[in-house]
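First to last, the sequence lines map onto chains B and E.
Under the numbering used here, the first residue of the first sequence carries the number 1006, and numbering increases by one thereafter.
Under the numbering used here, the first residue of the second sequence carries the number 1006, and numbering increases by one thereafter.
Do not rely on the hints blindly, as some may be mistaken.
Just so you know, same-sequence chains aren't split out, so a pair can sit in one copy or run between any two.
[Said to hold, decoys possible] With a cut-off of at most 30 Å between alpha-carbon atoms, the simulated BS3-like pairs for lysine-lysine come out as follows:
#, residue 1, residue 2
1, K1075, K1025
2, K1075, K1010
3, K1010, K1025
Hints were generated in silico from the structure; no laboratory data involved.
Number of protein chains: 2
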Amino acid sequence: MVRRKENVRVREVTHAQNGKGQVFFHDWLLPEEAAHHGRVFSKVVIPAGSSIGYHQHIGEFEAYYVLEGKGLLRDGEDVTELNPGDMNLCPDGSFHGIENAGDTDLVLIALIMNQLDG
Amino acid sequence: MVRRKENVRVREVTHAQNGKGQVFFHDWLLPEEAAHHGRVFSKVVIPAGSSIGYHQHIGEFEAYYVLEGKGLLRDGEDVTELNPGDMNLCPDGSFHGIENAGDTDLVLIALIMNQLDG
């Protein structure tokens, strides 16, 4: 099955996890297509000035993989810059958040999967 | 946890699934970090002239999401061009394969996950 770009669902989320501005989720793989695995399999576009607020994952984990732009990640007690090719893994029970720290879109792949071995 | 680009494992596979040339798998999320979900969570770089041969998935499914370049996808009986933003879902039991149909790298995200609801 092929889904063309124009048919990929895009969700515009305002103040994502109490973050700033708008964030766009391009849900290229839908949760119902990945039954029992998780709820987010998306490309996430965080425009300059926007962020995803600091939040916890419970019963699930999230992986970010940066494609474009510059991010400022809060990962537990650490704050660090993320650049293309870098990844962040937020395990079950942990917190993270990310903001665009540059002048261009911050683009990343985000996967939120259930903690099957918990 | 943060893994920097230089620490992301890169596998160079020659004749991937009996395809042409070399294909590079950037395994940004390792299978052991996504326990019980699947075996591939990667960025795949298919240089011009290279391909992943036509192959079947059994007990698992695979999703491709194109980031860059132009691909020629064989999806069961169909052959179609894939461009950035397009996705292909190969369900449990089905076949697919993809070749670079352009002059620049074909770059995609590939997820191979277990068929949990089979």
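Against the structure, the hints come out as follows:
1. K1075 - K1025: within (16 Å within a copy, 35 Å between copies)
2. K1075 - K1010: both (24 Å within a copy, 13 Å between copies)
3. K1010 - K1025: Both. Shortest intra-copy (26 Å) and inter-copy (27 Å) distances satisfy the 30 Å Cα cut-off.
The structure agrees with every numbered hint stated previously.
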